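Enquirer: Numbering (the numbering used here), first residue to last: 286 to 723.
Heads up, some of the hints might be wrong.
Computed Cβ-Cβ distance ranges for the label pairs, DEER-style [stated by the list, open to error]:
#, residue 1, residue 2, range
1, 624, 720, 38 to 48 Å
2, 391, 497, 19 to 29 Å
3, 417, 586, 33 to 43 Å
4, 428, 696, 18 to 28 Å
5, 533, 412, 41 to 51 Å
6, 507, 428, 22 to 32 Å
7, 510, 694, 53 to 63 Å
8, 593, 391, 26 to 36 Å
9, 720, 631, 35 to 45 Å
10, 504, 565, 31 to 41 Å
11, 395, 421, 20 to 30 Å
12, 530, 696, 30 to 40 Å
13, 626, 534, 47 to 57 Å
14, 490, 357, 20 to 30 Å
If you are wondering where the hints come from, they were derived from the structure by calculation, not from laboratory data. Note that this is a predicted model, so its numbers are computed, not measured. C-beta: ideal position from N, C-alpha, C; glycine also.
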Amino acid sequence: MSDRAFSLTRLYERVTGDEDSRLCKDIPDAACHEQPGNFFRHLLASLGNKLADELSSARLVLPWLLGALGAPVWMVGFLVPIREAGALLPQVFVAGYIRLKSIRKGVWVTGGIVQALAALVMAGMALFGQGAWGGGIVLIALVVLSLGRGLSSIATKDVLGKTISKQRRGTLMGWSGSMAGAITLAVGAVLMLFGDRPGQIALAILLLAATLGWMLNAFCASRIKEAPGATEGGQNVWSSLGEGLHLLRTDRHFRHFNMARALLLSSALALPYIALLGQRQSGADLGGLGIMILVSGLASMLASPLWGKLADRSSRKVMRDSAVLATLCCTAAALIAWLPGAWTQRIGPYALVYALLVIAHAGVRLGRKTYVVDMAGSEKRALYVALSNTFTGILMLLIGGLLGAVAYVIGSAGLLLVLAACALGAAASSQCLPEVET
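Could you build the full structure based on these sequences and the hints that come with them?
Expert: Below, the structure written as structure tokens:
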């Protein structure tokens with residue numbers, strides 16, 4: 286063993302707490318031998334992806350960008366639906382294709398490069414775009430970015446399962462999440478120091494950094510040592526869709542869950558409108574964006590441990606409680622926008638409500654993910670998840686267009702009250718779901 290390989294193995298054992306890096310239970314011996322090196326390649330790739338996701342957030346950075354460009358408010362309604370639906374919808378169509386490839390990291394690399402190029406176009410719009418045409422190009426770039434995200438998402442999970450043993454995947458994700466969170470907080474703090482300077486150059490820099498993050502993701506993915514995998518067992522996409530539609534018709538429990546999940550979309554859809562309100566009420570300066578990024582990062586770090594323990598006891602109650610919190614946040618943001626007084630023209634109140642809604646949305650995501658996994662048996666789990674994701678992706682696109690039109694008519698604050706009503710309906714629907722943890 287070379288000195289470099291020995292040092293990498295020792296570092297891997299220290300990071301993971303594994304006294305023998307050669308102990309692997311669920312991956313082939315060849316993959317086990319490469320696991321220390323692959324662990325750090327996955328770590329850097331995941332770090333690049335998570336950091337790029339935060340720096341090009343459809344819930345915060347892109348609404349701020351559209352506001353700075355002077356784009357119509359209805360465009361904001363499409364940001365989250367495009368970002369989420371573009372990542373969810375390709376899954377049912379691409380999964381079968383990926384299954385036919387024995388080496389799948391190439392799909393991951395392609396997805397990373399596509400996302401990097403799309404972020405580069407957005408950075409260009411931050412510098413040179415304006416009005417409706419600039420906002421339109423941002424939306425088109427976001428469509429491309431989301432499709433790339435969908436490709437990477439499917440392939441990443443598959444390659445991870447082939448190259449990193451089950452007992453080490455959580456450690457890997459934890460390290461990458463913590464590192465990305467720390468860097469995001471630092472970015473927010475730096476932006477706060479710039480105070481009231483114009484923000485379009487800073488937005489371009491953030492999006493260029495996101496471009497570099499996805500290039501790092503693609504490069505590290507290309508360096509992963511992946512053994513050929515099985516190519517049997519792929520299912521025709523139309524067969525999968527047919528089975529899924531039959532399941533929706535016949536499984537009342539699953540249908541009820543998807544209705545609750547549809548109403549829970551209100552938490553994700555409200556975030557960009559609160560960011561837009563904060564930007565329009567307080568101005569598009571860097572200090573305001575820095576505060577929003579900082580509180581969003583802190584809220585994300587606090588949210589997972591808060592909801593995680595609760596979800597182990599009852600994911601249904603997590604869905605219900607997070608929906609109630611989302612209702613309160615949407616209502617509060619609308620009221621702040623309508624109230625008179627100089628304090629409503631500052632970023633602070635919106636940042637506080639935004640942070641609380643980030644916590645609520647984390648609960649929504651954790652609760653519904655835990656619920657569907659616990660609800661489905663092992664034989665149907667993949668089908669339940671894929672179908673629910675596809676259904677949600679389609680719904681996201683339909684609702685996004687509708688909400689954009691509503692916001693154009695009644696304004697962002699009025700729309701937040703509509704979303705508050707949807708979140709309240711989600712809480713009631715979640716309360717009526719049966720428990721699956723008992």
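Enquirer: Next step is simple, just say for each hint if it's right about the structure.
Expert: Hint-by-hint comparison with the structure:
At about 40 Å, the beta-carbon gap between residue 624 and residue 720 stays in the expected band of 38 to 48 Å. Between residue 391 and residue 497 the CB atoms are about 21 Å apart, so this pair conforms to the stated range of 19 to 29 Å. Under the hint 33 to 43 Å, the C-beta atoms of residue 417 and residue 586, about 37 Å apart, fit the expected range. A C-beta distance of roughly 26 Å is found between residue 428 and residue 696, which places it inside the suggested range of 18 to 28 Å.
Residue 533 and residue 412 have their C-beta atoms about 46 Å apart, which keeps the hinted 41 to 51 Å range intact. Distance hint for residue 507 and residue 428: a CB-CB separation of about 25 Å, consistent with the stated range 22 to 32 Å. The hinted range of 53 to 63 Å is satisfied by residue 510 and residue 694, whose Cβ atoms lie roughly 55 Å apart. Take residue 593 and residue 391: their Cβ atoms lie about 34 Å apart, and the range 26 to 36 Å holds.
Checked against the hint of 35 to 45 Å, the pair residue 720 and residue 631 passes, with Cβ atoms roughly 43 Å apart. Distance hint check: the CB atoms of residue 504 and residue 565 are about 39 Å apart, consistent with the given range 31 to 41 Å. Taking 20 to 30 Å as the suggested C-beta distance range, the pair residue 395 and residue 421 conforms, at roughly 25 Å. In this structure, residue 530 and residue 696 meet the distance hint of 30 to 40 Å, their C-beta atoms being roughly 38 Å apart.
For residue 626 and residue 534, the Cβ-Cβ distance of about 53 Å falls inside the hinted range of 47 to 57 Å, so the restraint holds. Between residue 490 and residue 357 the beta carbon distance is about 25 Å. The supplied range of 20 to 30 Å therefore holds.
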